[in-house]
Amino acid sequence: MATTPTQAHALFTTPFANTTDFTELADNCEQYAYSLVECDNITEKLALCGRLSACLALLQPTLNEPVPAHLIPHFTVDDLPSRLPAFEPESDQLAQYCQVLTQLLISRALPQEMAAVMESLLCELVSYFADTLKAPRWITTLEGNIAIN
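Positions in the sequence shown are counted from 1; adding 85 to them yields our numbering.
No false leads were slipped in.
Cβ-Cβ distance ranges computed for the label pairs, FRET-style:
{"id": "1", "residue 1": "Val162", "residue 2": "Asp112", "range": "17 to 27 angstroms"}
{"id": "2", "residue 1": "Ile231", "residue 2": "Pro196", "range": "48 to 58 angstroms"}
{"id": "3", "residue 1": "Ile127", "residue 2": "Met203", "range": "18 to 28 angstroms"}
Everything labelled a hint here was simulated from the structure, so no lab data went into it. This one's a predicted model, so the numbers in the text were calculated from it and none came from an experiment. By construction, the Cβ of each residue, glycine as well, lies at the ideal position given by its N, Cα and C atoms.
Start from the sequences, fold in the hints, and give me the full structure.
This is the structure:
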């Protein structure tokens, strides 16, 4: 019986190497992460995590390198974009992230080095969470209070 390959199955065979441009590696990471969230099959989830981990391992050493000359046109624009990338989860989602990370650390299920990274992530997330909760929500104008978007 033939099976139809899914988007996730295609990701399992996507080639990448240490010579792959960081932009392509970033695209791959994004696709693995999106597919991981959508996937229900535990075996496929593990395979996606493995591919994501391998791709991240190749990407990480390139983060402080200059942008290669052939990619500079890709990052050059005539006008500023209307929207720049931003981390903007809803407050309830951010609270859930913080809670799950806290519970993971409480469980002591991670090796010490991984736990240290997760503690750092938790600290950054909680700080961001607190800042968003305490941020101004209205501005006073001559017309009265106006919501800040």
